[in-house]
Amino acid sequence: MATSTSLSAVARENPLLKAVSIIPGVLLLAGIGYAAKVLERTINTYAKTHHWTFPNIEYVLWAIIIGLFISNTLTIPKVFQAGIDTYEFWLKLGIVLLGARFVLADMMKLGGISLALVVVEITLSLALMTLLGRLFKLKPKLTSLLAIGSAVCGVSAIIAAKGAIDADDEDASFAMAAILALGALALFTFPAIAHSLHMNDVSYGLWAGLGVDNTAEATAAGALYSDAAGKVAVLAKTARNAMIGFVVLGYAIYWAGKGQAAVVTNKAAFLWKKFPKFIIGFLLMSLLVGFHAFTKPQVTSLGNLSKWAFLLTFAGVGLRTNFKDMSKQGLRPFIVGALGEVLIACLTLGLVIGANRIWGL
Amino acid sequence: MSPETPTKASSSSDSWLTLDVWAVVIALLLALAVKFDILHNVPW
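Going down the list, the protein sequences come from chains E and V.
Counting in the working numbering, the first sequence runs from 52 upward without gaps.
Counting in the working numbering, the second sequence runs from 787 upward without gaps.
Just to be clear, a hint being listed does not mean it is correct.
[As the list claims (entries may be wrong)] Quick list of in silico lysine-lysine cross-link-like pairs, DSS-like style, CA-CA up to 25 angstroms: (1) E:Lys375 with E:Lys190; (2) E:Lys358 with V:Lys821; (3) E:Lys358 with E:Lys328; (4) V:Lys821 with E:Lys328; (5) V:Lys821 with E:Lys318; (6) E:Lys88 with E:Lys358; (7) E:Lys99 with E:Lys88; (8) E:Lys129 with E:Lys379; (9) E:Lys309 with E:Lys188.
[Said to hold, decoys possible] Some chain E residues flagged as far from chain V (calculated, every beta-carbon gap over 12 angstroms): (10) Phe120; (11) Ala243; (12) Ala360.
It should be emphasised that the hints constitute simulated quantities derived from the structure, not laboratory data.
Each residue gets a CB set at the ideal place from its N, CA and C atoms; glycine is no exception.
Just chain E, with the same shape it has in the complex (with noise of 0.2 angstroms):
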């Protein structure tokens, strides 16, 4: 124990034994991805040959169920576990390549539909989780990084209010495992309402990119349902993702005026630093796609590189989720998440069909 703690202090200050550390988890999560990959084909071969009526289980779904059941049968060595969190880098990677696949104006035109209903959503969970907080009389510091997270952007925003409202580890800990638990469970119902409801692939992305809360998780329940609902999935929470800094900027002034937080001076320079930088990634390559700074076969193998980064981030997001250790954090405050989702996810399904009514999605 005392050797593999030192082992990681000295990884932690080398920056190339930290790039060798990751390589095992890194290719524990492509090794997952990729016999994902290879499963869905192999059923699907098997199926047609012998005239199977199989359902299609996409790659991602695989990715997910084998992540899951590694994480939640056997105990993974720490070797693993530096290159296992690397899955939100690849998630990021992602994105930014994703651009790429964005023609200008048609981001332009979802991403302002998007960026609409981001704003109302925000203000209907905001208000809804500090009013659910309130009634289960959750800690107040607990019901704001629980609004936060589930109006924004799950454990990144809950990350960043953290610091800026002066917040307890423990309720950190609480507000992330109960939005990582609703988020896999999102996995699963997501795309079974949208199918039984017949969405069509840009209503249903923009519903999941409302409506799941972590980013991974969001892109994740996108893929499941099609290609192009995960794009417009991802455009969705990219869209959410960018308020992060004026919800945390809110609560962190809030928590000032009661003395319970440090005062923010400079306001922008508060908001830039919260402010997700890989979105200027993404809306860079869409720009530098739309100057034609690209050839089509050059666009198709960005677009591939993006989903082989989705491919191990999908394989991550299935590895870092226990149950065992998620039952462990409580069960009032991941009562309060789960009502508050359900909530937000009818909300938000309610704004989407609207939506589509208004502009024709």
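Guided by the hints, dock chain V onto chain E, whose structure is given.
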């Protein structure tokens, strides 16, 4: 989620922005590699 996640999350609260910048830099490098045919016809 592992039991250490909150501690890790709090310790990385200042570095998650760097992760964003890294993602953009690597994506741009990949885009350059595709543009100049170092990477071509990436399969899926």
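How the hints compare with the structure:
Only pairs whose Cα atoms come within 25 angstroms are accepted, and Lys375 (chain E) paired with Lys190 (chain E) is accepted, the gap being roughly 24 angstroms. The straight-line distance between the Cα atoms of Lys358 (chain E) and Lys821 (chain V) is roughly 18 angstroms, inside the 25 angstroms bound, and the hint therefore holds. A threshold of 25 angstroms between alpha carbons decides the hint, and for Lys358 (chain E) with Lys328 (chain E) the separation of about 20 angstroms falls inside it, so the pair holds. For the hint linking Lys821 (chain V) to Lys328 (chain E), the alpha-carbon distance of about 23 angstroms falls within 25 angstroms, and the restraint holds.
Between Lys821 (chain V) and Lys318 (chain E) the CA atoms are separated by roughly 39 angstroms; this puts the pair beyond 25 angstroms, and the hint is violated. Proximity of Lys88 (chain E) to Lys358 (chain E) is assessed by CA-CA distance (about 11 angstroms); at most 25 angstroms being required, the pair is judged to hold. Simply put, Lys99 (chain E) and Lys88 (chain E) have alpha-carbon atoms about 17 angstroms apart, close enough for the 25 angstroms limit, and the pair holds. Distance check on the hinted pair: Lys129 (chain E) and Lys379 (chain E) sit about 21 angstroms apart at the alpha-carbon level, within 25 angstroms; holds.
A distance of roughly 19 angstroms separates the Cα atoms of Lys309 (chain E) and Lys188 (chain E); the hinted pair therefore holds under the 25 angstroms criterion. For Phe120 (chain E), the non-interface assignment is confirmed: its Cβ lies about 16 angstroms from the closest Cβ of chain V, beyond the 12 angstroms cut-off. Against the 12 angstroms criterion, Ala243 (chain E) stays outside the reach of chain V, whose nearest CB is about 24 angstroms from its own CB. Taking the minimum C-beta to C-beta distance to chain V, about 9 angstroms, the non-interface status of Ala360 (chain E) is violated against the 12 angstroms cut.
When held up to the earlier numbered hints, the structure conflicts with 5 and 12 and fits the remainder.
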